[in-house]
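Asker: Chains as they are written, first to last, in this note's numbering: chain A, 235 to 346; chain B, 201 to 683; chain C, 11 to 141.
Everything labelled a hint here was simulated from the structure, so no lab data went into it. Keep in mind that a hint or two might mislead.
[What the hints assert, rightly or not] When the alpha-carbon atoms are kept at most 27 Å apart in a straight line, the in silico BS3-like pairs for lysine-lysine are as follows:
no., chain 1, residue 1, chain 2, residue 2
1, A, 332, C, 77
2, B, 226, C, 85
3, A, 332, A, 255
4, C, 23, C, 77
5, B, 624, B, 649
6, A, 260, A, 340
7, B, 226, B, 558
8, B, 306, B, 399
9, C, 71, C, 85
10, B, 226, B, 306
11, B, 624, B, 642
12, A, 332, A, 260
13, A, 334, C, 71
14, B, 642, B, 306
15, A, 332, B, 306
16, B, 306, B, 255
17, C, 85, B, 306
18, B, 250, B, 306
19, C, 77, B, 226
20, C, 76, C, 23
21, C, 71, B, 226
Since the structure is predicted, the reported quantities are computational estimates derived from the model, not experimental observations.
Each chain, letter by letter, is given below.
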Amino acid sequence: MSEYFLCFILFCVGLYCLLRKRNIIKIIVGLAIIEYAVNLFLILIGYRTHGRAPIFSHDQEIQNMVDPLPQAMVLTTIVIGLAVIVVAVALAVRIYGKYKTFDITKIRRLKG
Amino acid sequence: MSFLLWFIVIPLVCAFLIALLGRLIKNLGDVLTNVAGLSLLILSCYAVQKIALSKVITCKLGSWPFAIGSYLVADGFSVLLLVIVNLICFLALVYSLSYMVSYTDKWNYQALFMLMIAGLNGVILSADIFSLYVFLEVASISGYALVAFSTEPEALEASFRYTIIGSLASVCILLGIALLYSYTSTLNMNDIAMIIATKPQGQLVGFISVLFLAGFGMKAAIVPFHAWLPDAHSSAPSPVSAVLSGVVIKILGVYALTRVFFNVLGASSSLLYCLMVLGLISMVTGAFLATAQNDMKRMFAYSSISQVGYIIFALGLGTPLALLGGLFHLLNHAVFKSLLFFNAGAIEQATCSRDLSKLKGLSQRLPVTSATALAGSMSIAGLPPFAGFWSKLIIIIASLEAGHPVFALIAALTSIVTLVYYLKFQSGVFFGTLDSAFSQIKEVPLTMKIPMVALAILSLTGGLLLIPGFRVFLQSAVEVIRP
Amino acid sequence: MKNDDLGMTLIVKVITRLTVGLILLYGFYVVLHGHIGPGGGFAGGIIMALSLIHLMLAYGKEAVTKKIGRRRGIKIASIGALLFLALIVMFAPGGRVGILPFYDIAISIMVGAGLFTIFLALVILITEREE
Chain A
235 MSEYFLCFIL
245 FCVGLYCLLR
255 KRNIIKIIVG
265 LAIIEYAVNL
275 FLILIGYRTH
285 GRAPIFSHDQ
295 EIQNMVDPLP
305 QAMVLTTIVI
315 GLAVIVVAVA
325 LAVRIYGKYK
335 TFDITKIRRL
345 KG
Chain B
201 MSFLLWFIVI
211 PLVCAFLIAL
221 LGRLIKNLGD
231 VLTNVAGLSL
241 LILSCYAVQK
251 IALSKVITCK
261 LGSWPFAIGS
271 YLVADGFSVL
281 LLVIVNLICF
291 LALVYSLSYM
301 VSYTDKWNYQ
311 ALFMLMIAGL
321 NGVILSADIF
331 SLYVFLEVAS
341 ISGYALVAFS
351 TEPEALEASF
361 RYTIIGSLAS
371 VCILLGIALL
381 YSYTSTLNMN
391 DIAMIIATKP
401 QGQLVGFISV
411 LFLAGFGMKA
421 AIVPFHAWLP
431 DAHSSAPSPV
441 SAVLSGVVIK
451 ILGVYALTRV
461 FFNVLGASSS
471 LLYCLMVLGL
481 ISMVTGAFLA
491 TAQNDMKRMF
501 AYSSISQVGY
511 IIFALGLGTP
521 LALLGGLFHL
531 LNHAVFKSLL
541 FFNAGAIEQA
551 TCSRDLSKLK
561 GLSQRLPVTS
571 ATALAGSMSI
581 AGLPPFAGFW
591 SKLIIIIASL
601 EAGHPVFALI
611 AALTSIVTLV
621 YYLKFQSGVF
631 FGTLDSAFSQ
641 IKEVPLTMKI
651 PMVALAILSL
661 TGGLLLIPGF
671 RVFLQSAVEV
681 IRP
Chain C
11 MKNDDLGMTL
21 IVKVITRLTV
31 GLILLYGFYV
41 VLHGHIGPGG
51 GFAGGIIMAL
61 SLIHLMLAYG
71 KEAVTKKIGR
81 RRGIKIASIG
91 ALLFLALIVM
101 FAPGGRVGIL
111 PFYDIAISIM
121 VGAGLFTIFL
131 ALVILITERE
141 E
């Protein structure tokens with residue numbers, strides 16, 4: 235139970251960072267922390283008590299494995315998270331080239 | 201080989217071929233994208249015909265039995281949206297043949313556009329909830345990159361805001377999927393529906409519904425989560441704005457919301473009431489904020505928020521007549537909002553300005569653009585005999601039948617406000633005397649005229665879909681959602 | 011032999027010469043064993059890209075971008091993606107599972123080349139801007 239609680243605290247740290255920081259890079263880091271917290275939550279869901287790693291081997295039986303399906307899901311979501319962070323960082327690089335600042339309160343040309 | 205797989209494979213192959221060879225062979229991107237778009241449109245019409253014979257088409261991937269493997273499924277609701285997506289995307293590809301010549305590296309844009317089409321088709325056709333999430337992400341990420349395509353400062357800022365809010369939405373959806381998996385231990389949407397209908401639930405399904413509502417609501421720009429939409433849709437290049445506003449917010453937002461809420465989670469009445477109220481707030485907020493805008497494309501973006509509010513309101517009502525009206529309005533809005541964004545792009549290319557206060561009397565120099573813009577504006581404002589009138593009428597009648605007369609009155613009044621700002625747009629930009637600064641502008645090229653004329657004809661004849669011979673097209677979609 | 015003031019110190023360069031091949035081999039091992047052990051296409055592709063990035067960090071960008079620049083990286087990634095799609099079209103609906111290693115190889119080419127191109131795009135862009 236305590237690991238779910240810690241996962242939730244990690245999510246809240248990322249959310250705080252995303253909402254309250256002014257530097258664009260810190261906002262992207264907050265987004266990354268949120269994504270990793272959700273991936274961690276997905277893996278924790280698959281845990282079975284006293285389970286072993288879900289690797290097929292000849293001498294051990296299949297019965298007491300942890301659930302392998304969330305692990306397959308997490309592989310895909312890690313790559314998706316990587317793609318989103320890459321797009322965000324590329325945008326941040328270009329924004330710095332045009333606006334000459336990383337402060338998000340000063341990047342406000344679109345209004346209304 | 202089952203042909204549902206082609207909907208995803210054709211755009212992906214096209215995208216990677218263009219990325220590989222686009223720099224070497226000139227105009228490869230133009231030919232390949234239009235051929236692919238046309239073939240997707242023909243395939244989706246063929247799918248409509250096949251659905252009329254057998255209710256459901258499935259395509260198995262891999263030889264696992266149905267409970268474990270992932271597969272693609274198409275039913276009446278999916279096929280309706282397949283036709284809309286492929287039609288609007290094909291017309292946008294034709295339009296961007298001449299619109300995008302002023303941007304650098306057109307082949308980059310075409311590869312990203314084909315990736316977005318692949319993602320949208322995948323969202324519609326996927327049968328388990330995790331592949332819906334993967335294709336949703338593919339379409340969203342291509343959208344983030346396409347909005348920033350012109351690399352002007354406003355476009356980059358708008359795209360950054362869209363990226364952050366969009367990925368927050370995806371995280372909410374992923375959390376919902378995780379909780380749903382931990383409760384039902386399966387990812388297949390049919391199996392989840394059966395398990396939730398039979399097992400006692402407690403509070404969990406309510407919490408999952410809130411997460412999905414937040415996630416898909418951010419993608420569909422329902423009102424508390426709408427802040428990214430005006431910036432993103434006004435700074436993108438015009439064909440991208442048309443596809444984003446006409447198709448993407450509906451497929452990634454409204455279609456996924458409907459699938460998950462009606463078919464998987466089972467629509468409870470409190471959830472439907474919540475959807476109704478959010479739809480009403482979106483309608484009213486979008487309409488009032490749109491009247492205050494000076495920039496043409498920003499006004500259209502706020503109008504999109506308002507019309508998606510109509511669709512969500514109709515979904516929230518839940519009766520079969522309301523669902524018919526909502527789906528018909530989805531189809532109509534895709535057609536005429538894309539038409540309006542194409543017109544805005546044509547005006548912008550002819551006059552290099554988007555400011556409503558400066559443009560006057562353009563109908564003398566741009567006849568085709570002004571005629572099609574008239575068709576689009578009258579249709580979205582709900583004047584008979586255009587198609588928009590029928591869909592709004594059905595929604596208002598359904599709201600009266602379901603016993604919410606106040607809501608019906610609010611919907612009717614919002615329709616009047618919509619008429620106000622579209623009249624302001626029409627009379628301000630097109631009618632009146634020609635400003636001397638614009639006396640030399642020319643009409644737009646042919647490949648930009650063809651999509652506009654085609655969509656204008658569709659917005660005129662869209663009302664014919666309600667004739668009992670054609671109504672089966674919409675009726676089978678409604679029966680999937682609410683049997 | 012190599013330019014002494016480009017990249018990192020001599021110790022790093024010597025160790026890199028020894029370990030780059032091993033990292034590439036390990037990445038390939040992870041790719042091929044994807045169906046019976048942890049790893050698979052994504053993780054193996056990223057490890058293979060890491061070996062190239064390691065080389066670039068130690069020797070400076072000229073040593074690697076002369077062979078694989080941004081454009082060639084995109085081309086290799088596209089070829090990998092087209093291979094993967096060809097495999098899906100030919101084999102997926104029939105349902106033979108015996109070709110899983112080929113899926114892994116195609117994905118690893120795509121992910122590895124793609125990640126390396128992304129790294130080049132983000133890093134080289136910065137150095138051009140600071141001039």
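Asker: Run every hint past the structure and note whether it holds.
Answerer: How the hints compare with the structure:
Among the hinted pairs, residue 332 of chain A with residue 77 of chain C is inconsistent with the structure: their alpha-carbon atoms are about 32 Å apart, more than 27 Å. Taken as a hint, the residue 226 of chain B and residue 85 of chain C pair is honoured in the structure, with Cα atoms around 16 Å apart against an allowance of 27 Å. At roughly 21 Å between alpha-carbon atoms, residue 332 of chain A and residue 255 of chain A fall within 27 Å of each other, so this suggested pair holds. With a C-alpha separation of about 19 Å, the suggested pair residue 23 of chain C and residue 77 of chain C falls inside the 27 Å cut-off, and the hint holds.
The straight-line distance between the Cα atoms of residue 624 of chain B and residue 649 of chain B is roughly 24 Å, inside the 27 Å bound, and the hint therefore holds. At most 27 Å may separate the alpha-carbon atoms for a hinted pair to count; residue 260 of chain A and residue 340 of chain A meet this at roughly 15 Å. With a C-alpha separation of about 38 Å, the suggested pair residue 226 of chain B and residue 558 of chain B falls outside the 27 Å cut-off, and the hint is violated. For a cut-off of 27 Å, the pair hint linking residue 306 of chain B to residue 399 of chain B is broken: about 53 Å separates their Cα positions.
Taking the CA atoms of residue 71 of chain C and residue 85 of chain C, the gap is near 19 Å; set against the 27 Å cutoff, the hint holds. A distance of roughly 10 Å separates the Cα atoms of residue 226 of chain B and residue 306 of chain B; the hinted pair therefore holds under the 27 Å criterion. Only pairs whose Cα atoms come within 27 Å are accepted, and residue 624 of chain B paired with residue 642 of chain B is accepted, the gap being roughly 24 Å. This hinted pair checks out: residue 332 of chain A and residue 260 of chain A have alpha carbons roughly 19 Å apart, not beyond 27 Å.
With a C-alpha separation of about 26 Å, the suggested pairing of residue 334 of chain A with residue 71 of chain C holds against the 27 Å cut-off. With a C-alpha separation of about 24 Å, the suggested pairing of residue 642 of chain B with residue 306 of chain B holds against the 27 Å cut-off. Restraint check: the Cα-Cα separation between residue 332 of chain A and residue 306 of chain B comes to about 22 Å, which is no more than 27 Å; the hinted pair holds. Only pairs whose Cα atoms come within 27 Å are accepted, and residue 306 of chain B paired with residue 255 of chain B is rejected, the gap being roughly 41 Å.
Taking the CA atoms of residue 85 of chain C and residue 306 of chain B, the gap is about 17 Å. The hint holds against a cut of 27 Å. For the given pair, residue 250 of chain B sits about 36 Å from residue 306 of chain B by alpha-carbon distance, which is inconsistent with the 27 Å threshold. At roughly 25 Å between alpha-carbon atoms, residue 77 of chain C and residue 226 of chain B fall within 27 Å of each other, so this suggested pair holds. Restraint check for residue 76 of chain C and residue 23 of chain C: satisfied, since their Cα atoms lie roughly 18 Å apart, inside the 27 Å limit.
Between residue 71 of chain C and residue 226 of chain B the alpha-carbon distance is near 31 Å, which puts this suggested pair outside the 27 Å criterion.
The structure does not agree with the numbered hints 1, 7, 8, 16, 18, 21 stated previously, though it agrees with the rest.
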